[in-house]
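Novice: Chain residues, written in single-letter form:
2 protein chains.
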Amino acid sequence: MTGSPVGDFLRELHRRVAEDRSGDVATYIPGLAKANLDWFGIALVTADGQVYEVGDSAQEFTIQSISKPFVYGMALEDNTRAEVLRKVGVEPTGDVFNAISLEAGSGRPRNPMINAGAIATTGMIAGKSPAGRLKRILETFSLYAGRTLEIDEDIYQSENETGHRNRAIGHLLRNFDIVEGDPTPIVDLYFKQCSISVTCRDLALMAATLANRGVNPVTGKQAIRGEYVESVLSVMASSGMYDYAGEWIYRVGMPAKSGVAGGIIAVLPGQLGLGIFSPPLDTRGNSVRGIQVCDELSRHFNLHQFHPPHSNSSVVRLKFTVADVSSSRQRSNADTQTLRESGPAIQVWQLQGNLVFSTVEVVVRHIIASSEGMQFAIVDFKHALSLNEAGSRLFLQLLELLAAAGRTLLFTHAARVPALRRYLRQKLGDRFEALFRVFEENDLALEWCENRLLKSPIDDEPTDTVDAGSYGLFEGLNPHEIKLLTGVMQRVSFRRGQVVVEFGAEARELFFIAAGSASVTVTLAGGTQKRLATFSSGMSFGEMALLDGAPRSAVVTADTALVCDMLPLADFRRLGREHPRIEILLLQNIALGLCQKLRKLNREISVFDY
Amino acid sequence: MTGSPVGDFLRELHRRVAEDRSGDVATYIPGLAKANLDWFGIALVTADGQVYEVGDSAQEFTIQSISKPFVYGMALEDNTRAEVLRKVGVEPTGDVFNAISLEAGSGRPRNPMINAGAIATTGMIAGKSPAGRLKRILETFSLYAGRTLEIDEDIYQSENETGHRNRAIGHLLRNFDIVEGDPTPIVDLYFKQCSISVTCRDLALMAATLANRGVNPVTGKQAIRGEYVESVLSVMASSGMYDYAGEWIYRVGMPAKSGVAGGIIAVLPGQLGLGIFSPPLDTRGNSVRGIQVCDELSRHFNLHQFHPPHSNSSVVRLKFTVADVSSSRQRSNADTQTLRESGPAIQVWQLQGNLVFSTVEVVVRHIIASSEGMQFAIVDFKHALSLNEAGSRLFLQLLELLAAAGRTLLFTHAARVPALRRYLRQKLGDRFEALFRVFEENDLALEWCENRLLKSPIDDEPTDTVDAGSYGLFEGLNPHEIKLLTGVMQRVSFRRGQVVVEFGAEARELFFIAAGSASVTVTLAGGTQKRLATFSSGMSFGEMALLDGAPRSAVVTADTALVCDMLPLADFRRLGREHPRIEILLLQNIALGLCQKLRKLNREISVFDY
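Protein chains in written order, with the numbering used here: chain C, 136 to 745; chain P, 136 to 745.
Do not rely on the hints blindly, as some may be mistaken.
[Said to hold, decoys possible] The calculated DSBU-like cross-link candidates involving lysine-lysine, where the alpha carbons are at most 35 Å apart (straight line), are: (1) Lys454/C - Lys732/P; (2) Lys732/C - Lys562/P; (3) Lys732/P - Lys735/C; (4) Lys735/C - Lys735/P; (5) Lys618/P - Lys454/P; (6) Lys517/C - Lys732/P; (7) Lys665/C - Lys732/P; (8) Lys618/P - Lys732/C.
[As the list claims (entries may be wrong)] Covered stretches of chain P (chain C as the covering partner; in silico rule of three or more C-beta atoms under 8 Å from a C-beta of chain C): (9) 176 to 184; (10) 367 to 380; (11) 408 to 415; (12) 430 to 444; (13) 483 to 496.
What the hints contain is simulated information worked out from the structure, not anything from laboratory work.
Here a beta-carbon is modelled for each residue, glycine too, at the ideal position from N, C-alpha and C.
Let the sequences and hints guide you as you build the complete structure.
Specialist: This is the structure we're talking about:
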């Protein structure tokens, strides 16, 4: 089966908009006047790198003014922000595309999207020689586009021969010391950056790179450091479309930039990039079809930046306590009872969605409001989609508040939000190791909290060995019957970490733990290990495969030095035939244990309701 | 325990910024010159209605130019968009705050944030009389603020006495027919709207209402229709801060508006609203402390609109097939085997996050790419946070594509994304009932698909009654033993929908289904029902409570007319004492059934990994 709703829509849109034959190609650069009025390409690239293209998407043309925001980003990388702002402002002019618009007095160009500002920006690119600066520009643009870009020499010659207005601007900038030294090579470099040859597919990839925080979504390569993307998009938003900027924000609502050769880029941060190419321009110097395509795409796909998703869901996906769900460590009946009565002492807060200021603020507020009776709060990032610095800062403040009040904050699945560890390490310094408590999953964090709540011995090597009379499965048997069983059981020892039961092995025995503890784990689809249960002395494992004869479905590993009594299946069967009461009691106890496990799982299902 | 990271930060920020004593109060309206230079309040309101306030947040002052975007929103409600755009543009001027800025020729004010545009906008408010128009403005503003707002008569008089420039503008607009009829009452209404008395808490609530799609997050009342919020925010973004607009977008990155009395609002769509009040103004007419607070808050809390969350997570939270997880209808071994071998025939796609163009595009692309061998695709919205129209449109297109290829698309948890049903009903018309297949949860959708895949009889009243020899739990018993058991069993019938086992009841019997089917359900924390299992003829239920003597932990209800054989616990025990083989075999079979359930749950846990 094939088909693509997005591709279908773009094809239909292309066909419809192609019929608009208004506008004229730019003629002030003779090379541009040769453009075919019918050339028309649309490309859309998602932030995960899917490329849609329609029409003349492989037709090359020169990037022209669309180079300006990218070079502005480079200037921010190559200089301090203060230096850049001192030489070029960020105010829209409301003027037409070729206005000079220098600030009275300082001569500072109003913004980097007008030619004067762009030439000043080009003058700030780092490099030892004009050739070095050009190399840096071409290499950076190539990173954005994901292929090697080159200059269209014919257009460059044409620009060079007719660019008197831009030369005048260069000298004006030199006059105001915005440009230092001879302005000629800078204006020449500007002509070259404008003459870089691209397709609208390239433009869409460049835009998608800005949408994706500076990383080309197809190649995975960084074209600009993420911290500068915000500034590049800001100047595009306020000044990218000349004196059409206000209407553009109003109608289309995406930062954008147009070029006189007929290209347009538009960026929806975090989502996608657009590149459109159609040479006929309107009186403001923007591509007629390009504007129409952006306008329709914005409305059709709800791309306006002020059309945020309207979420009714809380950032807190789930909150539960140890009374609802406890760790998979099997406890004595008394301990189990204690945990079920400890409700708010251990709380798990499972978050979802993007953790930014406004969502983490809700979490922090709710956790503080629930601190009555709390000893441990576990924040679970398993379903979090992202965490930014503001969110990290709020979690730090929560951590400090809880610590000051004698509570412990723990985190699980923190690998999903790597920014948190980095931020806390930086801010907590020496206190990081002591205060940043993190566990891979809730189960382990719950167990850690439970052990402290119950004051259980933890991680200790076993000292006492229980005798067979204490085995839970022997409940109800008399000493004679127990003796009969122990007579056929074999005592085996395992080192810490040793595998006791292999996955897929044939089930030949039932295990009783005399000393130590062991955990049952399965490997999930993604390759990670998930613990299903941990057993300690007096408990049994291995009964399921024994009952249904299926191969072992999980791995059992010794958590400590482990001593087990193994009851071979064959002996169990034989004893059962001779002593039905033994078999009945054992089966009853096994079935009872299975019931307890099922009830625990059913309770968890009610809580998690996946 | 008390404390608030956000409140703490605002207090610290307030203390620090209060030290800045630069700027002067506006003097051109004499009433404003009386303001206390030290007044300084900050309020922040989240989109879920949490209010933070610091300093003089209850001090009243006049709203002045901050009224402009709200009145613009009203003009959009009261007129067609074309009418509004014909009379007032949306281009920033780059001019100072009191420039007149009419377009040459048409006399159209460049945008609604300058006085000329604002007066033209005020002239478009609906109402039969000046008093009626004022009433509408006050009522709307009161909805935004969540309390009854009134006019500061002193300031109004002061504006009225000194507002010659605005009267001149009124006549200029009349000259160009932008304003119709006598401009005097319109300019008077404009003076009144500027004289509405607010606190910075009111402003923050008004801003939060814009952040929350026009609904006041505290009162829940709609102040402006959601469809116009985007336009209001757009004019604020391009023109709200006069000739500081570009730098504002660059540094603060939130749509904003300032007023000459010292107020500022800023809006982070979907997240929060800010209101700040401090009378000293800079030379551009913006509150000095207000700008500083917005600047610091934006950086501290990452509020810049071009700083989108960076999500590494796929919108597809989980994909599984019927081979991984089947419905909770218990099947025969043969059917179970068939389902486990049908892999891609039934696929469940569980989505997460905000479903907008760029995320749904990914889903649609992946589902189409997985259509080989697919008969049914279930799209699960349980973890979706939102769905917009673009997302709905893509799902419609997917539905049509799959239907054309003979596949069936189903939706679960669609109540979380109500827009989908509305959209599909509108677009599918007569075909809606046939094509929009929706189930409350995956379990029911899976069962529906499984029944079709297995060609099972569905929803039929039972016709055949199986005899006791076919009961699964009797496997291995000889006819004599079965006869002994059936001798003590009691046959009972239930109507469809009748409760067979009550929650919390004492467990006295084990049920064997002779004809019909029954479902086990629990009530989740939220009050919804969750099905744990459905049993049909030959199967048993009620064994867990029987084994551990606990009260019934779930409800069992007859899905059809139901005929059961009940085995009383007491008789079972007595028979067991006399015939150990019966007890052993029954216990074994029960334990085997429990094993199967545990294995199924463990498999599901591996898939869902909650």
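Novice: Can you tell me if the segment 483 to 496 of chain P counts as covered by chain C, using C-beta to C-beta distances under 8 Å and a minimum of three residues?
Specialist: holds (count 8)
Novice: Within 35 Å, alpha carbon to alpha carbon, are Lys665/C and Lys732/P?
Specialist: It holds: about 19 Å lies between the C-alpha atoms, which stays within 35 Å.
Novice: Are there three or more residues in the segment 430 to 444 of chain P whose C-beta lies within less than 8 Å of some C-beta in chain C?
Specialist: holds (count 10)
Novice: Run the distance test for Lys618/P versus Lys732/C: straight-line Cα separation, threshold 35 Å.
Specialist: Satisfied, since the Cα-Cα distance of roughly 33 Å is no more than 35 Å.
Novice: For Lys517/C and Lys732/P, compute the direct alpha-carbon distance and say whether it is at most 35 Å.
Specialist: With a Cα-Cα distance of about 27 Å, the restraint between Lys517/C and Lys732/P holds, given a limit of 35 Å.
Novice: Hint check: Lys618/P vs Lys454/P, CA-CA at most 35 Å. Holds or violated?
Specialist: 48 Å, violated
Novice: For the pair supplied as a hint, Lys732/P and Lys735/C, is the alpha-carbon distance within the 35 Å limit?
Specialist: Given that 35 Å is the threshold and the Cα spacing comes to 13 Å, the pair holds.
Novice: Taking only the CA atoms, is the gap from Lys732/C to Lys562/P under or equal to 35 Å?
Specialist: Given that 35 Å is the threshold and the Cα spacing comes to 49 Å, the pair is violated.
Novice: Take a quick look at whether Lys454/C and Lys732/P sit within 35 Å of each other, Cα to Cα.
Specialist: 27 Å, holds
Novice: With a C-beta cutoff of 8 Å, work out whether three or more residues of the segment 408 to 415 of chain P approach chain C closely enough for the coverage to hold.
Specialist: violated (count 0)
Novice: Count the residues of the segment 176 to 184 of chain P whose CB lies closer than 8 Å to any CB of chain C, then report whether that count reaches three.
Specialist: holds (count 3)
Novice: Are the Cα atoms of Lys735/C and Lys735/P separated by 35 Å or less?
Specialist: 14 Å, holds
In summary, the structure is inconsistent with hints 2, 5, 11 from the numbered list given earlier, while agreeing with the others.
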